[in-house]
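Following the hints, position chain W against chain C.
Number of protein chains: 2
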Amino acid sequence: MFIDKLIESIKEKNNPTVVGLDPKIEYVPSFIKEKAFKEFGVTLKGAAQAIIQFNKQLVDAVYDQVPAVKPQLAYYEMYGIEGMIAFDETCRYARGKGLLVIADGKRNDIGTTAEAYSRAFLGETVLADGIKQKAFDADALTVSPYLGIDGIKPFIDDCDKHEKGIFVLVKTSNKSSGQLQDLVTQDCRSIYEIMASYVNEWGKNVRGQYGYSSVGAVVGATYPNQAKLLRSIMKHAYILVPGYGAQGGTARDCVNNFNSDGLGAIVNASRSIMCAYMSDNWKNLYSEDKFAEAARAEVIRMKEDLNSALAGYR
Amino acid sequence: MFIDKLIESIKEKNNPTVVGLDPKIEYVPSFIKEKAFKEFGVTLKGAAQAIIQFNKQLVDAVYDQVPAVKPQLAYYEMYGIEGMIAFDETCRYARGKGLLVIADGKRNDIGTTAEAYSRAFLGETVLADGIKQKAFDADALTVSPYLGIDGIKPFIDDCDKHEKGIFVLVKTSNKSSGQLQDLVTQDCRSIYEIMASYVNEWGKNVRGQYGYSSVGAVVGATYPNQAKLLRSIMKHAYILVPGYGAQGGTARDCVNNFNSDGLGAIVNASRSIMCAYMSDNWKNLYSEDKFAEAARAEVIRMKEDLNSALAGYR
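Protein chains in written order, with the working numbering: chain C, 1 to 314; chain W, 315 to 628.
Hints should not be assumed to be uniformly reliable.
[Unchecked claim] Distance ranges between label pairs, derived from CB positions: (1) G355/W / T112/C: 56 to 66 Å; (2) K13/C / K370/W: 41 to 51 Å; (3) N307/C / F354/W: 48 to 58 Å; (4) N328/W / N225/C: 35 to 45 Å; (5) Q209/C / I614/W: 31 to 41 Å; (6) K175/C / S601/W: 50 to 60 Å; (7) K56/C / C502/W: 47 to 57 Å; (8) G98/C / K370/W: 37 to 47 Å; (9) K549/W / D289/C: 41 to 51 Å.
In short, the hints are calculated from the structure, not lab data. No residue lacks a Cβ here, since even glycine has one placed at the ideal position from N, Cα and C.
Chain C extracted, bound-state conformation (with noise of 0.2 Å):
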């Protein structure tokens, strides 16, 4: 089970964290980019190639801290086929370091689409009788709830066949998330406390040996208040918590998202540690050429940050 294998990674490294591989050109380091334009033009391509680059450095100083990494796809898109070819890359490279790949698209469709989805990133593509073949290859994908259930089922399925997870949007690190999400029904419930209960519910069937499901909930780090009541409801959902770092999530911001166990929550952090060589914190002790020394730097930084402030918690 994706669930299982994710609370067996998190114990072994001790760091509840996920590396968000969200690669605008802007982030990788000159000597990078250079090389792969002076090869590739600036184009599409050098750029793509230049991202890949950055990743697999990036995963070579930081496989052996965090059980896994979260490519934004919207940063693979962006460079068209080029970029596509780019995650695909990355992700193998990542599964090929041992490292569990939660690919981060959003994705929400109905019925036989969303099925199409489930099977582009999480299942197999029927080609013809009998014959199958993976399209990309994640652990697991993140999810929008607007359609319900119609909308999440085929995800389900393919975690159940496939080992696989999906994490739904519930409450969004953003400031204009409660737009929708904090709206309050007739019965006084929010719809982030709603679509809660239904993740919950919607997991049921995928719940591993540690109690947790492989159908996870996203609640960002800046609401710290909700995570509490949300934790509550969600009593078996893993919580995929973005928002630390730059968006200003703090660590202790985050252990509501857990439980008094430890477990329960994976934290993203995605610029903080992709550009640490360019921060604060790091930059008079890492050049640009050691961006990836940084980055291990900081997620370690990071993990103590996190587990300084859930033994506080407990």
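Frame of chain C, contents of chain W only:
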């Protein structure tokens, strides 16, 4: 402006129809599949190449009859990188024939990530100082509103800058759409009504000469009563209506999405057109090798069906 181009093309062709290009490999006639599989193997590439041939012949058969096509991204991602190449080639080919392309991706994310999606499909990707390139090139994109305006604004900015459009999910055609969308808030409005108000408001700066906005909405043909209300709330939104044909929506069900001038909505059909050659209506008249003619016949039948329902309504 995207919306003016759409309306002018609808008027010119006297047809408020969009042809969905959702090319599951099962839909592709055997003679096309066999040729492609022979050349490229029974592989993702073979499937994707078959899909390109299928789509191009469909486009050739209908481009003078319809204003737009709507490739559904899930059915391209399902074939991996090769599928994305098929998506890209389909978009280019259709635009070359004067069709507007609505990429159905239901994309959604926050801030700079929504910006990345927008650049991927509607805008341009910055590669270096002053050097930009288009990643994919659609005229419009469907988007999902779970994250609020933070997830929508970057797309609207590109609508304004690049003459593009978006269609925001409001009330989707599937059975379980009510799980979230029909919830009623404490001010006695349903979520889909509230979303509709947002959509009307969000689109106010990109209205064209006919009074409609390049920020449109998605309202399923399967909910005609809700459509009547939504039409009145979203005075300036063009409505993309899925669910006609294979999903059970009739022309009469669609008319509530239109205004009395015959404008205000565009109705999608995918399977009933792509697979017309297999349908009870057409299979006795058109053999498999005449699939494109069957699609054209169904497009013309649908146009007449919609126009006569609209005439009865006015």
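Here's how the hints hold up against the structure:
Here the CB-CB span from G355/W to T112/C is close to 25 Å, at odds with the stated 56 to 66 Å. Our hint of 41 to 51 Å for K13/C and K370/W holds, since their Cβ atoms are close to 50 Å apart. A C-beta distance of roughly 51 Å is found between N307/C and F354/W, which places it inside the suggested range of 48 to 58 Å. With their beta carbons about 56 Å apart, N328/W and N225/C fall outside the hinted range of 35 to 45 Å.
Between Q209/C and I614/W the C-beta distance comes to about 59 Å, which lies outside the given range of 31 to 41 Å. With their beta carbons about 58 Å apart, K175/C and S601/W fall inside the hinted range of 50 to 60 Å. Separated by about 55 Å at the C-beta atoms, K56/C and C502/W satisfy the suggested range of 47 to 57 Å. Separated by about 43 Å at the C-beta atoms, G98/C and K370/W satisfy the suggested range of 37 to 47 Å.
In this structure the hint that K549/W and D289/C lie 41 to 51 Å apart at CB is violated, the actual value being about 57 Å.
When each numbered hint is compared with the structure, violations occur for hints 1, 4, 5 and 9.
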